[in-house]
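Take the two lone chains, each set in its own frame, and fit them into one complex as the hints suggest.
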Amino acid sequence: MASVPTVLGAPAERREGLEKVTGTARYAAEQPRPGRLFARPVPAAIARGRVTGVETAAALAVPGVRAVLTHENAPRLVEPDDATLAVLQDARVPHRGWFVALVVADTAEAARAGAAAVRVAYDAEDHDVTLTAAHPASYVPEEVGGGYPARAEHGEPEEVFGSSAVRVDVAYRVPPLHNHPMEPHASTAHWDGERLTVHTSSQGSTVVRATLAQLFGLPEERITVVAEHVGGGFGSKGTPRPDVVLAVMATRHTGRPVTVALPRRMLPAVVGHRAPTLHRIRLGAAPDGSLTSVLHEVTTHTSRVKEFVEQAAMPARVMYAAPHSRTLHRVVPLDVPSPSWMRAPGEAPGMYALESAMDELAGELGIDPVELRVLNEPDREPDSGKPFSSRHLVECLREGARRFGWSRRDPRPGSHREGPLLVGSGVAAATYPVQVSPSTAEARALPDGGFLVRVNATDIGTGARTVLAQVAADALGAPLDRVRIEVGSSDLPSAPLAGGSSGTASWGWSVHEACTRLTERLAVHAGPLPGDGISAHADTTGTADTDSPWARHAFGAHFAEVAVDTVTGEVRVRRLLGVYAAGHILNARTARSQFVGAMTMGLGMALTEGSTMDAAFGDFTEADLAAYHVPAHADVPEIEAHWIDEHDPHLNPMGSKGIGEIGIVGTPAAIGNAVHHATGSRLRELPLTPDRVLTALREGRTRGR
Amino acid sequence: MRTFDYVRATSVTEAADALATRPGARCLGGGTNLVDLMKLGVERPATLVDVSRLPLDTIEELPDGSLRVGATVRNSDLAAHPAVRYRWPALSQALLAGASGQLRNAATTGGNLLQRTRCPYFQDVTKPCNKREPGSGCGARDGVHRDHAVLGHSAHCIATHPSDMAVALSALDARVELYGAQGARSVAAAEFHRLPGDRPEQDTVIGPGEIVTGVLLPAATAGVPSAYRKARDRASYAFALASVAAVVRVGDGVVTRAGIAFGAVAHRPWRARRAEEALIGAAPTEAAFEHAVDLELSAAQPLRDNAYKVPLARALAVDVLTRLTAAART
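Protein sequences, first through last, are from chains A and B.
For the first sequence, the working numbering assigns the number 1 to the initial residue and increments by one for each residue that follows.
For the second sequence, the working numbering assigns the number 706 to the initial residue and increments by one for each residue that follows.
Isolated chain B, as found in the complex (with noise of 0.2 Å):
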């Protein structure tokens, strides 16, 4: 059988240090997604370093009113918090609207960001793949791509991310913590993600020896109007069609504050930053957000049988900015 070697880390910096010395190595955290791809073939770890018990299983608020959420938390944990429920609701909406309940017991933080796509051909070491092997090709291209993106996809890779939790991370400005040789930095969970370009096998921005710590729920967002809506193939799980996430803030009339993410349309949760700013001082109404998706949406290049996605996609951003925005409208 194909043997690995097993580190149990007691610390972060022990975790990093092993993750940067050990040619291979990899995180396990739940194993959810990365003990499959063992299976499979496609994940060849030289070394597990086990990041399950790590002291970063807390979640704690902050007395600038941020969240800190540590890394092996679990996503039922995660979404069960009351200050998740009550403040971000978007983002507990998203890790229930993940995986089956088993999965979310068993899933950290951590290792739903860092799960890898489902692409059928990622999965399979009999067919090409660019993200798994460089350079092999892309078999989703003209084969079977129904689940793929339309947005910011490459020639070498037309994959999508497929965490919900990570577009509610993205609409809400979160940031994610990393710790490394170079020490702890953190980024903007809208950027954590990377497009595929000519290095699709480059999930994130996460840089060689650095570990996922944590996650920051910033103060900025806390309270702020936010929900999570999935379309998805049958009633729980399933990955999703195409999802949004969206928080949005109304004063005197206008929108002040709004943040929208898309999932399942491209290599990463699609921030739509285009549509956020032309819907800041608008009136709230559905024709503006309709504008303001369509201006988003219009860079879309869907694939001979994922066109769907698009209207799909607006639909959701529409009902739900419509929804959280109802209250402001009477």
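Isolated chain A, as found in the complex (with noise of 0.2 Å):
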């Protein structure tokens, strides 16, 4: 078995790289069957109040028009756990935008057409979606994202930071920010005979699959959820989104298969967005740039809806070394489409403001950026006080130094002119937690001498399917391409969502113990296979889900180079470079495509990105593409991404830590401290537009910088 050499860490292309570019990889609205319906959403056109009627009559003399279901007579659901999936249920309007009819018609364009001839009444009330830090209703709530408390406090912060040396006290803002994945969110559904088969655009089918069964009041093993191909999520699909629960609804009261494919323009008000976030930082030094205190107080917004609070004080409690600190979280409820999971949740946020905070203590105390850092490595996890399972963020920072030339820059602000353009680089650190849950998977040695591997993981775009048969093969000792997979069914042995970095890590730790397991069943096994082979399961209940005594994360550096144009204002990166240690990279050229991929939606962030709260109609602005601008291949230079070797043994058999999120989390900052140094202005605000870059220019010149 040793004769075959691991393909763990092989550039292994992705497998389903020729169905997709060649379009045969089918989506979830590319289902056809014989009598399918389309059914499109009717958004409530009021920020808040109640509908007082449904006039459906002209949307059903469309022609083509089949039925239009509203909280009248929309099918009941048990009541979710996520109040954003009970769609139809009752008159209540919490966010304009929500969704408040549904028109099930032959075609896309006849719903299209009904959907715009439904006439809701409204009894409107006042309105309130605006966020500020001092907000009457603002409170801490028990615990923010990610199940952490919202508070934690060591020794006496406030006290310190005031008798501190060195301090700043600074605020930044982050905007609310949308997903928008390529593919939009789109579910069909249908029956045979007692059986529910949806496909649907999501990170996991397990989750969608148990949701549906609890809404409709259905066994699980009578519903079977598919997300064979999905066009991205970022957090929007990782668990159920109303499309999903309306393609049931329709199938239900029709009879017949129908797909919601959710425009464009639903998306923000319906799917989530990151919760725009007010900082404020307090980092208190002795003059040798030792921290003395952290404090990092958030506000962020959630809606009427449900709670969500974007844990972006939590970075805090793992970077860096400091005997007081506090970290807070208080959340507003509004009335706003309801926030949820945007890449990176809390770290990218967090990790902004933090880190250009720190770009600020470093300017004060005349200590370059990168040595702070270094100065206040911790030794222990600062909050919880646990040991790092394994921690290289310094040899992140130096190697990234070395690669980016940091020690050629000449650190006064405002100092590389050429011509209009102001030029400077700025770096900051990344984080993001290890995550890992519980999951099955089946192994099956075949008569042929293949392997199938059966795992409901889910390849949203990243490389899952081709990373586990990696995984697989190594385990098996078998050659790459002996080893088929199999994802993207809740038909298949049920596993956890791809989420929180924590897909590969999961999924692969059972698809490892169930080869394994098959390994040695083989190595006992006489004579030839049977007929349908033999196989192996594993469970890793018990074991991925067992308390680490371990602080466990991965940890980055990033380097950015940016342009400032002193005529427009145009901020333009000219050089973006990460290093990570992340464990064990299971495949360098996906690996690579995460972080390459992070690295620039971190650059929209940071320059491009923003989604406006219009006070006056309680809704974002940016309704498409053209006007919610991530970033065009124009605005992205030459990504590097490069990873030092970690080898971690408390982690999972692969020794990997998740990769999805932490290429995005120093990004911002990095571009931001670089903006800074090419100017000598501290912009606060993202993002980085030209009006506010043109205007702080203006306003440093008048200061007379």
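These are computed hints drawn from the structure, not numbers from a lab.
Owing to the predicted nature of the structure, the values given are computational and were not obtained by experimental measurement.
For glycine and all other residues, C-beta sits at the position ideal for the given N, C-alpha and C.
A hint or two may mislead.
As the list claims (entries may be wrong) - DMTMM-like cross-link-like pairs, simulated, lysine to aspartate or glutamate; straight-line CA separation at most 20 Å:
#, chain 1, residue 1, chain 2, residue 2
1, B, K744, B, D762
2, A, K386, A, D545
3, A, K306, A, D81
4, A, K386, A, D547
5, B, K744, A, D106
6, B, K744, A, D624
7, A, K306, A, E109
8, A, K20, A, E30
9, B, K744, B, E765
10, B, K744, A, D82
11, B, K744, A, E109
12, A, K306, A, E79
To be verified - Some chain B residues flagged as far from chain A (calculated, every beta-carbon gap over 10 Å):
#, residue
13, R731
14, P794
15, G848
16, D878
17, E906
18, R939
19, A940
Okay, here's the thing in structure tokens:
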């Protein structure tokens, strides 16, 4: 067996690549069936109030329209855990864009025309959608996203900060952001007798099946949820969204297959967003640069539908040694759409603020920002006191500095001018927790010498199929091309969702265990294999989810070079470099793609992306990809992603940490810090658009900088 | 579904007839804006008159040195045409600064001129908009208006015209050629779009039943140094926050010809006549440019969230004028 070299870490190509680039990969809305209908939701046109009547006659008169569902006639649901799924259950309108009706028709066009013909009468109430740090309705929640306590305090942070030799006391703002995956949310549902089959664009179909079973009072055994190909999610498809509930409602109501494919314009209100965060950061330090006190206080919003608290102060519990600290979250319920996960929830906005403030502290101290971070490297996780299973942040910073040419940098802000351009560079650290959940998997040896591995993983574009095949091949000691893998259906052995950068670790663990067991069985098996082969099953419940005595996180360092046009205020990134310490990298090709993709998303967060809450109307102004500015190719320079070999025995059998999110975490602060280095102006609100930068440059000149 | 008639015009007169005789008819060019607006329910034409196959897809160099651009010439082709690149470079630059490669391949010259504002309130039928639904109010004035007008707006409308191309055409003294029941006529590109006043639903001076047949680039601006510069939120595929097209000639140490137009600051490309007048006869210095541009922008009335546009437009104009005249100063 040892004759086959390990394929873990090899840059294996995506197994479904050919299908995707040739357009033969089928997505959730691309599931034609005889008699299929199309359904289109009707969004509420008020920000708060009640539906007093829905006139459906005109819509039903549109040729091809089969039904109009409203809260008065829609199938009743068992009350969901996630209240955003309780669609068409009552007259309440908790925010603009909440669905108040569903038009089901023979064609998508007829459904659109029917939806336009529905007349909804409302009893509108005054609304409040404006987040402020001093909002009277703010409160400290029990816990924040990820299940962490909202507040943690050590020592006497206020007092010690007040008496620190060097102090930074700053406020940062991150706007609402939207995931906007390439594939909008879509679901197709149909019945085969008593059996419900749903194709949905989701990060985890096991969760979708459980949710549908609960909502519609069906046994899970009668439901199959398929998510074979998913065009991105970034958290917005982590758990079911209203599209899948509406599709099942409509198919139950009509008895026909139904597709609900949400138009891009509806996404901002109903599939979640990264909530805006208002940060106050206080950093106290001794003259030698050692931190004395760290206070990171965050105010964010949630909807009236449910409490979701972006855990943006969490990274301050992990990053730096400080004897005194406070991390605190407050939340304000507003008449806004419900926020949810977006790539690196908590870490992305939190580290933007913390790492920008660290840059400010470095400036105050006159210490190089790389050295300041090295200086404050903790021995143990600051909040928990646990030892790190592995932590190579310093190595990432050093390696990144070497590759970037950091030592050649003139630290003086505004010192590098190229004609009308101001050029600068910046650095920021990154961190992301190691998360892992129990999973099951099955491995089967076939008489033809091949292997079949089955696990309900979801490949949301990350290359999960490919890397799981590598994990299996490695554990089986088999060539990679002998391993076939099936993912993306709830009929497969159940597995957790692709989220929290935990997919590969969770699924891979059970795949590894199943394959290891199969290898053991094969070793004692005599004679030819039976016709259906020999199989082994694994369930990592009780192992993957045991509490670890170790603090387990991935770390990274981000470096950016920017050019700021003094005529227009336009910021263009010239160079972006990341170095990661994330355990064993299992596929060099798909890992690089994850890092580069997340860094691109971080570039967007820094410079171009933002959703504007319209105070007058209560919705997000940017409703399409012409208005919500994800980076275009012309915005993205050559991006370098590197990693250092990290051997950590306290993770999982593959020795891997999650890599899907850490790439976004340090990028915005690195770019923001580079803009400060370029211009001497410190902007504390994202995104760094030309209007803001130009205004800051003008104010800087006025102040004589 | 909402149905409409479709007429494929084979001649200009047929197109104009169809447009004049069929109520609620709209011309279909590349469809890059109109089809989107139909999906949104903003445009609800009873008839689409497809003009994309009319024999107006040529660029013709005329004996007097001018250039006639047919209405159905695609934006990509116009930007790449050698005569445009060398003699009216501001136009080529403006076209290439607009939209994306895919959209430029589809969009036509006439359609680019006739595209509608991207004001989010105009695009959302659940919100008030005097341009879409006269008398319903303006959602943007008290709403989100960072991208809106600072010049020439009215109580009824603060929208901007989104075209980059039209800004260059305005500065280059181009003319828009029209055909309708009364025959052919042409209007200055700088006068083709309107200010909103109390009729924001009317974007241009085009008459009922008239179609755009082409654009004429005049010999007078051929070969005169010109340039277009645009500031935007991302490096490609973003509408302008502000832009400027400038055409300027220097002779004997003074400015002898100046055409300046701003984009994304008004309901139409904003031809900066006051600035131009101030520059004629002046030495081409940065101070002179600043003075002239300030004269023009003194008329600006920024809204709550778009005051940045005034210094941005100023910086763009001074930069472009300074660069265009650099050779003359050395």
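A quick look at each hint next to the structure:
1. For the hint linking B/K744 to B/D762, the alpha-carbon distance of about 27 Å lies beyond 20 Å, and the restraint is violated.
2. For the hint linking A/K386 to A/D545, the alpha-carbon distance of about 17 Å falls within 20 Å, and the restraint holds.
3. Between A/K306 and A/D81 the alpha-carbon distance is near 10 Å, which keeps this suggested pair within the 20 Å criterion.
4. The suggested pairing of A/K386 with A/D547 holds, with an alpha-carbon distance near 12 Å, which does not exceed 20 Å.
5. A threshold of 20 Å between alpha carbons decides the hint, and for B/K744 with A/D106 the separation of about 18 Å falls inside it, so the pair holds.
6. For the hint linking B/K744 to A/D624, the alpha-carbon distance of about 13 Å falls within 20 Å, and the restraint holds.
7. Under the criterion of a C-alpha separation no larger than 20 Å, the hint pairing A/K306 with A/E109 is inconsistent with the structure, at around 33 Å.
8. Distance check on the hinted pair: A/K20 and A/E30 sit about 13 Å apart at the alpha-carbon level, within 20 Å; holds.
9. The straight-line distance between the Cα atoms of B/K744 and B/E765 is roughly 36 Å, outside the 20 Å bound, and the hint therefore fails.
10. The suggested pairing of B/K744 with A/D82 is violated, with an alpha-carbon distance near 32 Å, which exceeds 20 Å.
11. Restraint check for B/K744 and A/E109: satisfied, since their Cα atoms lie roughly 9 Å apart, inside the 20 Å limit.
12. In summary, the hint linking A/K306 to A/E79 is supported, as the alpha carbons are separated by about 13 Å, within the 20 Å threshold.
13. A cut-off of 10 Å between C-beta atoms confirms that B/R731 is not in contact with chain A; the least separation is 18 Å.
14. Here B/P794 stays apart from chain A, with its beta-carbon at least about 19 Å from theirs, past the 10 Å limit.
15. A cut-off of 10 Å between C-beta atoms contradicts the statement that B/G848 is not in contact with chain A; the least separation is 5 Å.
16. The beta carbon of B/D878 sits about 26 Å from the closest Cβ of chain A, which is more than 10 Å, so the claim that it is off the interface holds.
17. Here B/E906 stays apart from chain A, with its beta-carbon at least about 20 Å from theirs, past the 10 Å limit.
18. Its beta-carbon lying about 5 Å from the closest one in chain A, B/R939 breaks the requirement of being farther than 10 Å from that chain.
19. In this structure B/A940 is not separated from chain A by more than 10 Å, as the shortest Cβ-Cβ distance comes to only about 4 Å.
When each numbered hint is compared with the structure, violations occur for hints 1, 7, 9, 10, 15, 18, 19.
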